[in-house]
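Chemist: For chain P, the structure is supplied; the task is to place chain E on it using the hints.
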Amino acid sequence: MSGKPRLTYLNGRGRMEPIRWLLGAAGVEFEETFLETREEYEKLIKGGSLLFQQVPLVEIDGMKMVQTRAILSYIAGKYNLYGKDLKERALIDMYVEGITDLMQMIMMFPFSPPEEKEKNFNSIKEKATNRYFPVFEKVLKQHGQDFLVGNKCSWADVQLIEAILAVEEKIPAVLLGFPQLQAFKIRMSNMPTIKKFLQPGSPRKPPPDDHYVETVLKIFKN
Amino acid sequence: MAGKPKLYYFDGRGKMESVRWLLAAAGVEFEEEFLETREQYEKLLQGGSLLFQQVPMVEIDGMKMVQTRAILNYIAGKYNLYGKDLKERALIDMYVGGTDDLMGFILMFPFLSAEDKEKQRAVIVQKATSRYFPAYEKILKDHGQDFLVGNNFSWADVHLLEAILMVEEKKSDVLSGFPQLQAFKARISNIPTIKKFLEPGSQRKPVPDDKYVETVRRVLCMYYDVKAN
Chain P
1 MSGKPRLTYL
11 NGRGRMEPIR
21 WLLGAAGVEF
31 EETFLETREE
41 YEKLIKGGSL
51 LFQQVPLVEI
61 DGMKMVQTRA
71 ILSYIAGKYN
81 LYGKDLKERA
91 LIDMYVEGIT
101 DLMQMIMMFP
111 FSPPEEKEKN
121 FNSIKEKATN
131 RYFPVFEKVL
141 KQHGQDFLVG
151 NKCSWADVQL
161 IEAILAVEEK
171 IPAVLLGFPQ
181 LQAFKIRMSN
191 MPTIKKFLQP
201 GSPRKPPPDD
211 HYVETVLKIF
221 KN
Chain E
1001 MAGKPKLYYF
1011 DGRGKMESVR
1021 WLLAAAGVEF
1031 EEEFLETREQ
1041 YEKLLQGGSL
1051 LFQQVPMVEI
1061 DGMKMVQTRA
1071 ILNYIAGKYN
1081 LYGKDLKERA
1091 LIDMYVGGTD
1101 DLMGFILMFP
1111 FLSAEDKEKQ
1121 RAVIVQKATS
1131 RYFPAYEKIL
1141 KDHGQDFLVG
1151 NNFSWADVHL
1161 LEAILMVEEK
1171 KSDVLSGFPQ
1181 LQAFKARISN
1191 IPTIKKFLEP
1201 GSQRKPVPDD
1211 KYVETVRRVL
1221 CMYYDVKAN
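As you go down the protein sequences, you meet chains P and E in turn. Heads up: the first sequence runs through residues 1 to 222, numbered per our numbering. Heads up: the second sequence runs through residues 1001 to 1229, numbered per our numbering.
Isolated chain E (complex conformation):
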């Protein structure tokens, strides 16, 4: 039963991407099963694998885990990326909460109409540059350490790098004015496990395209219009 974790999701980023990042950062190899048809999804549902009838689902250590946050918490705890005590965990949780909210603005982006996409792009950049990036810039500046929490590489660092790269895909110069984050980005990208994940051929997924949107809509029967948040 013990073996590589197995991820069940679409062949694309969505809510599973942060899980891929964290496993990769921890140097953990994993397998993936990609949902392509409604039938596959219904089979998973009928088999009782999806506690709340939803993916992501990750088979790990004998558990069929669902709920992205629960999965991430477990991986972080298991691979020592969750700080050394309750207070460090509190900081990591706070910081990850922020980057999660930021990436949340990007999550629904591919599903928006062309007109809403332009508006949302502006929202993403505005939130990143006036709410989130300044917070992390200050944290790094104040303690002058390489990592966000406890002078040790943690989940918070992985999540922030993921968020930075995602926002840069929407506006490539978004880090100008954030020298600490620029240095942070370079440092974390050079960590061997992360460097490997950033190379072509890794399990990192590309920016979602129309095919991805079609697949999600088809598998989840999600044919309604998606509004920006």
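If we strip away everything but chain P, and leave its shape as in the complex, we get:
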């Protein structure tokens, strides 16, 4: 029963990607089941595996976990990426939630109607450069440490490097004007587990394409 965690989702980033990142950063190997048809999804629901009829689903330590945040919190806690006390956890939670708001915009982007894509793109750019990146630039500048919280790698750092790379895919020069984040990006990318996750052949998924969008709409049509 115990063994590698098993992730059930579509073969793409979506809401599962932060989980792949966090397991990758923690050096934890995992298996994946990819949903490709509506039938597979309905079978999963009928089997009772999905507490709220939704994926992501992660089978880990005898639990069938759903709800992305719950899964991420559990992994962070289990692998010591959640700070050393309540106050560090509070900072990590604040940072992660902020980054998640930004990532949510990126995640929803492929599904925006064509006439809204430009507006949404600009919104991502504006929020990244005026709301989110300045915060983390300042945090790093003020304490001068390598990591966001408690001088130790945490879930917040993994979430931030994921977000930086995701935004850069849309806006390659987005880190101009953020020297701390540029250095942070290099440092994090060179951590052995993350370096491995960034190499071809890792479980990291590519940016969503039309096929992925089609699959999502087909499987989750309501």
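These are computed hints drawn from the structure, not numbers from a lab. What you were told as hints is all true, and nothing was included just to trick you.
Covered stretches of chain E, as calculated for chain P (at least 3 residues, CB under 8 Å):
id, stretch
1, 1048-1054
2, 1058-1065
3, 1071-1078
4, 1097-1107
5, 1131-1139
All figures in this text were calculated on a predicted structure; none of them were measured in a lab. Note that beta-carbon positions come from the ideal geometry of N, C-alpha and C, so glycine has one too.
Modeler: Relative to the frame of chain P, chain E by itself:
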């Protein structure tokens, strides 16, 4: 610096209501500063109090906390409403995630057009009765305990009661067919701190009205049309 937590938000439910519920359930007194004008909000922004330029913001234990989930996690942890170990916390997080999603359908409700409100009301009831309530009904039935997790009162119980009452405001008989939840509602409502919070004069906020919507739009300059999710 230590003193009562202080909540910065509009004088209404919104995203802050779950925080009020949890503090009250924990028996923690708190103060509130209500945003009524754009100027107040801009002053908060300029003062650097809002990490991501947003409210809710809660001053607690020397921190200016933002991000509702972070605030709730902290309060739950501090007041022993977060289970006894990682696995109980995982269950609580899962259950709270569900009730959060359910209440999310209600959050934007006051901002919708009259026509969209009717559609959304149906969506809320449908989601509650076919997705969320059955899950919690089953959990309670399966273990037969008074509380959702670990036979101990936790954040998950507070959040579920809040969600039940909110959905009932949209359809008063929505719990028919859910006997476990009916009993749960009665039990949790009778916990002394919660009973107190449910009485008139507490800091619980009423169902949002047009005045609330106007205030939010004015303070946040949020004049665009809000669509249902």
